[in-house]
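> For the sequence shown, the numbering used here puts the final residue at 439, and the numbers step up evenly by one.
Since the hints were made in silico from the structure, they are not lab data.
Do not take every clue at face value.
[Unchecked claim] In silico BS3-like links for lysine-lysine, alpha-carbon gap of 27 Å or less:
(1) Lys127 x Lys67
(2) Lys351 x Lys312
(3) Lys348 x Lys376
(4) Lys376 x Lys422
(5) Lys408 x Lys376
(6) Lys312 x Lys408
(7) Lys112 x Lys67
(8) Lys67 x Lys100
(9) Lys351 x Lys376
(10) Lys408 x Lys424
(11) Lys100 x Lys65
(12) Lys351 x Lys424
(13) Lys112 x Lys100
(14) Lys112 x Lys65
(15) Lys149 x Lys112
(16) Lys112 x Lys144
(17) Lys127 x Lys149
(18) Lys144 x Lys67
(19) Lys149 x Lys100
(20) Lys149 x Lys67
(21) Lys408 x Lys348
(22) Lys262 x Lys351
(23) Lys312 x Lys348
(24) Lys144 x Lys100
(25) Lys422 x Lys408
(26) Lys348 x Lys262
(27) Lys144 x Lys127
(28) Lys312 x Lys262
(29) Lys424 x Lys376
(30) Lys262 x Lys67
(31) Lys351 x Lys422
(32) Lys149 x Lys65
(33) Lys376 x Lys312
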Amino acid sequence: HSFRFAPLCTHTRTPMMRCWLLAIAATARAALAAAALAHEDVVYLTAPRSQHRVTAQSDGSVHAKWKHQGAWQRFALERREGPGQLRSGDVVLFRAWTGKRLTVQGTDVHAKWSHEGSWQSFVLEVKGGEVGDAVAPGSTIFLKAHTGKRVDADAPDSPGLVQARWSHQGGWQELVLERHSVLPRCADLTAEQIPDLLTVTAVPLPAAISAACGGSGVKTSCRHGFYAASPQSDSHALLYNDAEGRAMVVLFDGEDAVAQSKEIGTEEVRGLQFDPSARHLVALVSGGTGIYNAPSYFVKMRVPSLEVLWRKPIESPMVGMEKWTPDNSDAIAISEERYVLHSAGVCKEGKWCAGHQGDILQVLNATTGEQLSEGKDWQASHSCKQMVGYNPSSDTFLIANAGDAYPKALQYTAFASGTHLKQKARFATWGDAGGRQGV
1 HSFRFAPLCT HTRTPMMRCW LLAIAATARA ALAAAALAHE DVVYLTAPRS QHRVTAQSDG
61 SVHAKWKHQG AWQRFALERR EGPGQLRSGD VVLFRAWTGK RLTVQGTDVH AKWSHEGSWQ
121 SFVLEVKGGE VGDAVAPGST IFLKAHTGKR VDADAPDSPG LVQARWSHQG GWQELVLERH
181 SVLPRCADLT AEQIPDLLTV TAVPLPAAIS AACGGSGVKT SCRHGFYAAS PQSDSHALLY
241 NDAEGRAMVV LFDGEDAVAQ SKEIGTEEVR GLQFDPSARH LVALVSGGTG IYNAPSYFVK
301 MRVPSLEVLW RKPIESPMVG MEKWTPDNSD AIAISEERYV LHSAGVCKEG KWCAGHQGDI
361 LQVLNATTGE QLSEGKDWQA SHSCKQMVGY NPSSDTFLIA NAGDAYPKAL QYTAFASGTH
421 LKQKARFATW GDAGGRQGV
């Protein structure tokens with residue numbers, strides 16, 4: 001089990017300049033003890049026939065379509081009797097990442113409610129075991145619902161579905177109980193421990209990265225690369241401009257080898273993220289730093305093929321992008337329904353703010369790529385830095401502007417379900433109204 005840091009690139013100035021992505025993986029050396037499972041352990045429920053795992057989505061739907069080992073597949077295992085070792089015959093509940101519990105309603109299985117009643121209760125039975133036997137990680141189990149029926153997941157007659165239809169204890173009802181291995185947090189590691197936990201792999205890129213640095217806007221920091229990873233997948237990705245100016249996407253597999261690469265244009269790269277399900281990669285590219293009102297595009301790609309599903313422009317009716325954008329990290333945030341751009345530029349001629357600088361917030365429909373009317377520009381005038389993030393648990397985007405004048409503050413607002421919420425949080429800063437600002 002590993003986690004990764006952002007990529008580092010080094011340049012070798014030879015006739016054939018090469019850039020190496022340093023895919024840094026931290027691997028726990030000591031295996032977790034194979035002790036019996038207990039109350040509040042975090043587990044996966046895997047259908048052994050297909051290796052698909054039971055998955056709870058943010059809307060409460062439950063399925064077994066994917067092999068991922070991400071947050072959506074993790075369940076806190078709760079013993080009805082409370083703390084203690086898990087044993088065959090115990091009544092248990094499964095709490096999803098949303099705080100809702102697996103529920104059997106008729107024959108359907110969902111995770112829409114946080115109740116702790118009989119509909120959320122299951123008798124856990126170890127295959128071939130006796131009542132009272134300790135349950136070890138990797139055990140094959142059956143889950144008997146309050147209806148007397150046992151859960152089946154990804155059965156041959158209903159691929160991907162999770163149901164509780166029959167009282168059988170057959171292959172369709174078998175589930176493997178896997179413990180989620182938790183690595184130590186970086187903050188808890190000592191300087192002495194870190195060298196033993198890190199491995200460095202040098203991966204040659206399909207084409208050399210650009211080494212050119214302009215004198216304005218984002219190029220002052222030579223930001224030519226964006227890295228993306230997802231807790232829902234072992235795949236991770238890099239978006240960069242190569243030495244020929246092409247926008248290149250590289251997809252790496254769980255072993256840090258190049259699985260796929262693709263050119264998606266000749267624009268400057270501006271951002272890269274997986275969607276929450278990790279089934280798609282979304283890139284933002286732009287006509288170029290310092291070019292006023294240059295066209296910008298969202299590009300949606302299928303994972304792992306990197307097939308381009310659509311490439312759609314995004315623009316502001318008020319603000320021309322790319323005139324003053326000091327930094328472009330954290331410029332996009334991605335949900336299953338919306339792709340949000342938060343950047344900055346100079347107000348267009350004929351507008352009340354003409355000639356002044358401010359932020360842009362615009363939204364695309366994730367399915368069609370069409371621009372929605374949910375954008376809200378100019379939440380800050382003289383916005384030196386713009387950031388946007390997405391929380392799938394609350395389906396909410398958090399928007400931040402660091403302004404040097406109006407306001408002279410770090411300001412947070414929120415955007416949920418197409419609505420800009422009225423709440424604001426401001427933290428006072430200093431600024432000179434001329435492009436210098438600090439928190």
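> Taking the hints in turn, state whether each one holds.
Hints and how they fare:
Note on lysine 127 and lysine 67: the hinted pairing holds, with a Cα-Cα distance of about 22 Å set against a maximum of 27 Å. Taking the CA atoms of lysine 351 and lysine 312, the gap is about 25 Å. The hint holds against a cut of 27 Å. At roughly 15 Å between alpha-carbon atoms, lysine 348 and lysine 376 fall within 27 Å of each other, so this suggested pair holds. Note on lysine 376 and lysine 422: the hinted pairing holds, with a Cα-Cα distance of about 13 Å set against a maximum of 27 Å.
Proximity of lysine 408 to lysine 376 is assessed by CA-CA distance (about 19 Å); at most 27 Å being required, the pair is judged to hold. In summary, the hint linking lysine 312 to lysine 408 is not supported, as the alpha carbons are separated by about 34 Å, beyond the 27 Å threshold. The straight-line distance between the Cα atoms of lysine 112 and lysine 67 is roughly 22 Å, inside the 27 Å bound, and the hint therefore holds. Note on lysine 67 and lysine 100: the hinted pairing holds, with a Cα-Cα distance of about 21 Å set against a maximum of 27 Å.
As the CA atoms of lysine 351 and lysine 376 are separated by approximately 15 Å, the hinted pair is consistent with the 27 Å bound. Of the supplied pair hints, the one linking lysine 408 and lysine 424 holds, its CA atoms being roughly 14 Å apart against a limit of 27 Å. At most 27 Å may separate the alpha-carbon atoms for a hinted pair to count; lysine 100 and lysine 65 meet this at roughly 20 Å. Proposed proximity of lysine 351 and lysine 424 is supported: the alpha carbons are some 25 Å apart, at most 27 Å.
Restraint check for lysine 112 and lysine 100: satisfied, since their Cα atoms lie roughly 6 Å apart, inside the 27 Å limit. A distance of roughly 18 Å separates the Cα atoms of lysine 112 and lysine 65; the hinted pair therefore holds under the 27 Å criterion. Under the criterion of a C-alpha separation no larger than 27 Å, the hint pairing lysine 149 with lysine 112 is consistent with the structure, at around 20 Å. With a C-alpha separation of about 19 Å, the suggested pair lysine 112 and lysine 144 falls inside the 27 Å cut-off, and the hint holds.
For the given pair, lysine 127 sits about 16 Å from lysine 149 by alpha-carbon distance, which is consistent with the 27 Å threshold. Taking the CA atoms of lysine 144 and lysine 67, the gap is about 23 Å. The hint holds against a cut of 27 Å. Only pairs whose Cα atoms come within 27 Å are accepted, and lysine 149 paired with lysine 100 is accepted, the gap being roughly 21 Å. Restraint check for lysine 149 and lysine 67: the C-alpha separation of about 25 Å stays at or below 27 Å, so the hint holds.
Between lysine 408 and lysine 348 the alpha-carbon distance is near 23 Å, which keeps this suggested pair within the 27 Å criterion. Taken as a hint, the lysine 262 and lysine 351 pair is broken in the structure, with Cα atoms around 39 Å apart against an allowance of 27 Å. With a C-alpha separation of about 22 Å, the suggested pairing of lysine 312 with lysine 348 holds against the 27 Å cut-off. A threshold of 27 Å between alpha carbons decides the hint, and for lysine 144 with lysine 100 the separation of about 19 Å falls inside it, so the pair holds.
This hinted pair checks out: lysine 422 and lysine 408 have alpha carbons roughly 19 Å apart, not beyond 27 Å. About 35 Å separates the Cα atoms of lysine 348 and lysine 262, which puts this hinted pair outside 27 Å; it is violated. Straight-line distance between C-alpha atoms of lysine 144 and lysine 127 comes to about 12 Å, which keeps the hinted pair within the 27 Å bound. Restraint check: the Cα-Cα separation between lysine 312 and lysine 262 comes to about 17 Å, which is no more than 27 Å; the hinted pair holds.
A C-alpha spacing of about 14 Å is found between lysine 424 and lysine 376, which places the hinted pair at or below 27 Å, so the restraint holds. Taken as a hint, the lysine 262 and lysine 67 pair is honoured in the structure, with Cα atoms around 25 Å apart against an allowance of 27 Å. Only pairs whose Cα atoms come within 27 Å are accepted, and lysine 351 paired with lysine 422 is accepted, the gap being roughly 24 Å. Only pairs whose Cα atoms come within 27 Å are accepted, and lysine 149 paired with lysine 65 is accepted, the gap being roughly 22 Å.
Proximity of lysine 376 to lysine 312 is assessed by CA-CA distance (about 19 Å); at most 27 Å being required, the pair is judged to hold.
Violated hints for the displayed structure, listed by number in ascending order: 6, 22 and 26.
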